[in-house]
Each structure stands twice: as structure tokens, then as C-alpha cells.
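Peer 1: Work out the full structure: start from the sequences and follow the hints.
2 protein chains.
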Amino acid sequence: MSDLPAKIHLVEEGPREGFQIEKGPIPTARKIELIDALSDTGLTRIQIVSFVNPKRVPGMADAEAVVAGFTPRPGVSYAGLWLNDQGFDRARATGRLDMRGAITIGASDTFLRRNQNRSIAEQIASQRDMVKRYVELGVPVYRGGMMAAFGCNYEGDIPVPRVVELVGTIVDIAAERNIRLDYVSLADTMGWATPLSIKRVVGAVRSKFPDLALSLHLHDTRGLGLANAFAGLEMGVAHFDAAVAGLGGCPFAANAGAAGNVCTEDLVVMCDEMGVETGVDLDRLVECARLAEDIVGHPLPGCVMKGGTLAKLRAAKAARA
Amino acid sequence: MSDLPAKIHLVEEGPREGFQIEKGPIPTARKIELIDALSDTGLTRIQIVSFVNPKRVPGMADAEAVVAGFTPRPGVSYAGLWLNDQGFDRARATGRLDMRGAITIGASDTFLRRNQNRSIAEQIASQRDMVKRYVELGVPVYRGGMMAAFGCNYEGDIPVPRVVELVGTIVDIAAERNIRLDYVSLADTMGWATPLSIKRVVGAVRSKFPDLALSLHLHDTRGLGLANAFAGLEMGVAHFDAAVAGLGGCPFAANAGAAGNVCTEDLVVMCDEMGVETGVDLDRLVECARLAEDIVGHPLPGCVMKGGTLAKLRAAKAARA
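Residue numbers (this note's numbering), protein chains in the order written: chain A, 1 to 321; chain B, 1 to 321.
A hint or two may mislead.
Unchecked claim - Okay, the calculated bits of chain B under chain A, using three or more residues with CB under 8 Å as the criterion: (1) 144 to 158; (2) 191 to 203; (3) 222 to 229.
What the hints assert, rightly or not - Here are the computed lysine-lysine pairs in the DSS-like style, where the Cα-Cα straight-line distance is at most 30 Å: (4) B:K7 - A:K312; (5) B:K132 - A:K199; (6) A:K23 - B:K55; (7) B:K55 - B:K132; (8) A:K132 - A:K55; (9) B:K199 - A:K7; (10) A:K7 - A:K199.
Quick caveat, the hints were computed from the structure, so don't treat them as lab data. A quick note: this is a predicted structure, and the numbers were derived from the prediction, not measured. Backbone N, C-alpha and C define an ideal beta-carbon position, used for all residues, glycine too.
Peer 2: Next comes the structure, spelled out in C-alpha cells:
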């Protein structure tokens with residue numbers, strides 16, 4: 001019955017996704033508190049900050065202070081996000097992050113212009129330049145990324161052949177430098193994907209690039225996040241980004257009420273209950289989700305922290321017996 | 001790629017599921033306002049009240065007044081829920097409801113005792129008695145229902161063979177009276193299902209009863225509601241219960257923070273975007289979801305009413321072009 005992967009790899013993006021979009025200023029110490037708590041959950045990769053223009057994303061103005069303040073745990077890699085050379089230089093200067101490069105392009109020209117002030121062609125050129133620099137500096141390049149792979153609030157539906165072609169561009173940029181990518185991430189940046197389009201796009205990319213591992217970065221804008229993750233699992237996708245408590249959302253995605261990323265602990269429950277290993281301690285992660293709510297000061301979309309885990313209900317039943 | 005049904009049938013249960021669990025008293029007129037708004041969405045069956053003990057479910061004490069006050073729309077059938085003879089008599093006495101009987105049993109003895117003060121065996125006997133009465137009164141019996149088919153907060157995991165056996169009991173009770181059921185509903189009353197267990201249970205029931213149509217009644221307690229609905233669609237399930245805005249939850253399910261039913265408008269978006277027909281006008285339904293939030297006076301879990309529809313974004317794009 002099940003063709004699901006035995007095991008998946010999660011990248012926790014809550015601190016970066018969440019704190020970049022919150023309106024109120026969040027004290028640096030509280031951001032660090034969440035990162036340190038997440039370090040104790042079994043998660044092995046946490047994206048903790050982004051190095052972007054503080055005028056455009058004020059919530060990340062304290063990125064250096066956050067990086068200086070957290071307590072690294074052995075076996076966990078801590079990542080930052082950057083979109084250009086300046087961001088990369090800031091990340092590198094901290095000396096405390098796992099510096100690995102990505103080749104990231106977007107399937108929507110309009111979104112790229114708004115998000116990064118570049119056309120797709122300019123973005124491709126800039127990625128080639130950045131890879132050149134990574135290679136010169138000995139920074140490994142490990143993944144590709146495709147933003148707005150399933151649709152765009154500005155451009156609407158994104159043709160599948162365009163996604164396949166642009167994945168090809170990412171693969172080419174890597175191949176030019178003899179880089180073998182761990183995986184390419186398909187991002188549903190603005191919540192356009194459905195389980196069916198996940199299957200279509202993943203299937204189309206895989207037909208063209210059968211040996212390329214894929215990752216999914218899903219937003220829960222219309223409530224389909226976990227359904228889309230399940231469709232990905234059914235296609236054998238074994239890499240997922242997620243955000244504790246469902247933190248996040250994109251500041252440049254043109255719908256203010258949009259929900260954030262697919263919720264890490266809800267995804268973990270789904271995997272746990274289907275026998276798909278995540279390596280994550282669910283109870284500890286649920287505590288992190290509650291901490292995240294406390295930090296942002298308003299309810300967050302995660303369900304398990306409200307509904308409770310099935311493991312607890314099973315344990316209560318066993319205790320009664 | 002897609003084996004999804006071309007079309008599904010939705011039963012809207014928001015007014016009944018939602019108003020039975022809300023703490024504050026909700027004015028009868030506002031309940032009627034929501035029912036009347038739902039009547040204009042294209043939904044063809046709406047469960048509007050339950051006839052239960054007002055001491056146990058105070059939010060339904062005004063069931064008769066609600067039924068007396070709504071404006072029926074041609075082509076829409078309005079249902080009430082009852083659990084025993086008294087409830088049935090109250091529903092029938094209104095003279096305004098689509099009186100069709102169901103054969104409902106539960107897969108968890110403990111839950112049945114808490115919810116209806118009966119064992120499974122007593123419940124089976126009472127259903128036989130009620131069917132006898134339906135037949136005598138000329139009330140058609142159209143569906144079966146199985147509560148807690150995927151797990152129970154008191155009993156934990158429910159063995160699949162028990163579900164199959166109890167579906168057999170429902171089919172037998174119907175056959176004894178030469179009744180052909182439209183479908184049997186499998187209810188995830190306490191949010192234990194995963195997409196995989198949906199596939200397992202639906203698959204097991206279907207192997208034994210290949211000609212029996214199935215329906216899913218899903219709760220979103222742990223965020224898996226739509227993923228479970230998608231798994232059902234993949235199995236060809238074409239009948240779903242849902243609640244506008246994600247209203248609801250079960251007052252006797254032992255976790256106060258539990259989310260309600262799978263959200264109708266989020267399910268409709270998923271179907272619309274995958275080419276599965278629902279017959280529902282999404283924009284009108286989203287307005288109903290906002291109305292429901294206004295009526296209960298607190299945020300409800302539905303996502304599309306916050307994130308917006310893709311159809312609107314496509315239209316905005318077309319208008320710019």
C-alpha cells in the first residue's frame with residue numbers, strides 16, 4: 001500500500017521564516033531562546049536568520065546578534081539565508097554558520113523582480129557569479145532552489161515545462177563547476193500548489209532528471225500544506241522544509257493574511273503516524289511551538305500543539321489499563 | 001496521473017457541528033442567518049441542528065426555533081441529527097426537515113458509552129429498533145455511519161478488521177429490511193486518521209464490500225484533515241462531510257483544544273484546483289466562513305478566508321493584462 005520513504009530529512013525554517021514577517025520587534029534574546037530549544041528536538045538543520053536589507057525586512061536587522069548569541073549543538077547545522085553577495089559576506093563574517101551555497105532561481109519573473117529586484121535572466125546570471133565565488137572561496141554548493149514553482153500571485157499558474165527547464169538551468173550551472181547537488185528544492189512560495197500539481201511537477205522534473213533528489217518547501221496559505229506534503233511523500237520526496245508552529249509567510253507575496261510554512265510538528269505527527277522516520281522528538285517540538293506562540297504574542301496555525309499528540313493519548317490509555 | 005472522482009457530494013455540517021460546541025450562547029437569529037447564507041452557495045445538503053439533550057448540549061436547546069426560522073431553498077435538503085427516538089420525534093415534529101434515517105454505530109465501545117451511554121452491542125440493538133420504526137413510519141434509510149473508525153481518544157488505535165466487521169453489521173441491518181444504502185460514512189470523530197490509515201481502512205472495507213459507496217467525516221484535530229480528504233479522493237471516495245470555516249469539534253471527545261471538522265471552503269479550493277467538481281460557489285462560501293467567524297466571535301481555523309482564493313488572484317492578473 002505504501003510507497004512512502006522510510007525516512008525524511010527536515011530543514012527547520014521557523015526562526016528565519018517567522019521572525020522576518022512578524023510586525024512587532026521581537027527581542028533578540030527570545031529569538032535565541034527558540035533556536036536553542038529547537039536544537040534539542042533532534043532537528044539536524046535549522047535556518048536561523050536571513051541576511052537581507054534591514055530597511056526591507058526590519059525583523060532581521062539583528063541577524064548578526066542572533067547568530068552571535070545561540071548555543072550550537074553538535075550534530076546540528078545552522079544556516080542563514082542570503083540573496084546576494086552582501087548577504088553572503090555578512091553570513092560568512094559571523095564565523096558561526098554552516099556556510100553552504102545554493103543555486104536559487106524563481107519560476108516567476110514578476111515575483112523575482114519584487115522579491116530581489118531582478119529578472120529571471122538576471123537572477124540566473126547572478127547565480128552563476130555567486131557559484132563562481134563559492135568555488136573560489138571553497139564554499140560547497142549543495143542544493144538548488146526554485147521559487148514559485150507551482151504558481152505566483154502576480155503571474156498566476158506557472159507552466160510545468162518552464163519549471164522543468166529552469167531545474168535544467170540549475171543543474172547546468174552546477175555541472176559547469178562539476179558540482180553534484182544534494183537536491184533541488186521546489187518551493188510553493190505563495191501557496192498555489194495542490195496535491196495533484198505536486199505530483200505533476202515532481203513527476204515532470206523526475207522524468208527529465210531521474211537521479212536528482214527533490215525537496216519541497218510548502219506554504220499553507222490555503223490549508224493544503226500537509227495534503228501537498230503527503231502528495232510529495234507519495235512521490236518519494238524525502239526532503240522537506242517546515243516551520244515550527246507554522247511560523248512564517250513571505251513579506252513580498254502580496255497577500256497579507258497568508259499563512260506561513262507547513263507546520264513542522266504537524267508534519268512530524270503525520271510522518272510518525274505513517275511510520276516515516278523524522279528523527280524528531282515530537283513532544284519537545286510541540287513545546288517549541290508553544291514557545292513560538294509565546295514569543296510572537298498571537299496564536300499560530302499549528303494544530304498538534306492545540307489538539308495534542310496521539311502518543312500521549314495512547315500512553316494515557318496504557319496507564320489506565 | 002489522476003484517479004480522483006470527477007465530482008464529489010458535500011454535506012455541510014457547520015451549523016450543527018459548530019454551534020453545539022461553542023461556549024457562549026449564540027442567538028437563534030444568527031444561527032439562522034448562517035444557514036440561510038449557506039443555502040445560497042450551491043451546497044445541496046446542510047445539517048443544521050441536532051436534537052439532543054439540552055442539559056448535555058446547551059448550544060442546541062433552540063433546535064426547534066432554528067428549524068422554524070430558516071428559509072428553505074428549493075434543491076437544498078436540510079437535515080437534523082438525532083441519536084435516539086426522542087430526538088427523532090422532535091426532528092419529525094418540526095415538519096421542515098428532510099427526514100431520512102441512518103444506521104450509525106461506533107467502533108469504540110468507550111466512546112459510545114460516553115457519547116450515547118450505550119455499549120456497541122446496545123447501540124447495534126437500538127439501531128435495529130430505530131430502523132424498524134423508520135420502516136413503519138415510511139421514513140427512508142439512506143446511509144450508514146461508523147464513528148471513531150480510525151481511532152479513539154479512550155481506546156486508542158481501532159483494529160481495521162473491527163471496522164470492516166461493523167460495516168458488515170450496518171449492511172446486514174439494512175439488508176434485513178431490503179434497504180439499499182446510498183453510502184456508509186467512516187468518521188474520524190477524534191482526529192486519529194492519517195492519509196495512510198484512510199487508504200488502509202477504505203481499502204479494507206472496499207475489498208469486502210466492493211459495491212458500497214463510502215463517505216468520509218474528517219476532523220482536523222492534528223491538521224491532517226485535508227491530507228486525509230486527499231487520500232480519500234485518491235481512493236475514489238466521492239462523499240464528504242465538512243464544516244464551513246472549520247467549525248465544530250465533538251463535546252465528548254476528551255480534548256478541549258481539538259479543532260473542528262475539515263473546513264468546507266478549504267476542501268472546495270483543493271477540489272476546484274484539482275478539477276474535482278463540488279457544485280459550490282467558492283466566493284459565497286468564503287463569505288459564509290467570515291460570517292461564521294463573526295457569529296462565534298473568535299477566529300476559526302479555515303485558511304482560504306484568510307489567504308484568499310486563487311481564482312481572485314487569476315482574475316486580478318487578467319485585469320492587469
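Peer 1: Compare the structure with the hints numbered earlier in the document and write down the numbers of the violated ones, lowest to highest.
Peer 2: Violated hints: 4, 5 and 6; rest satisfied.
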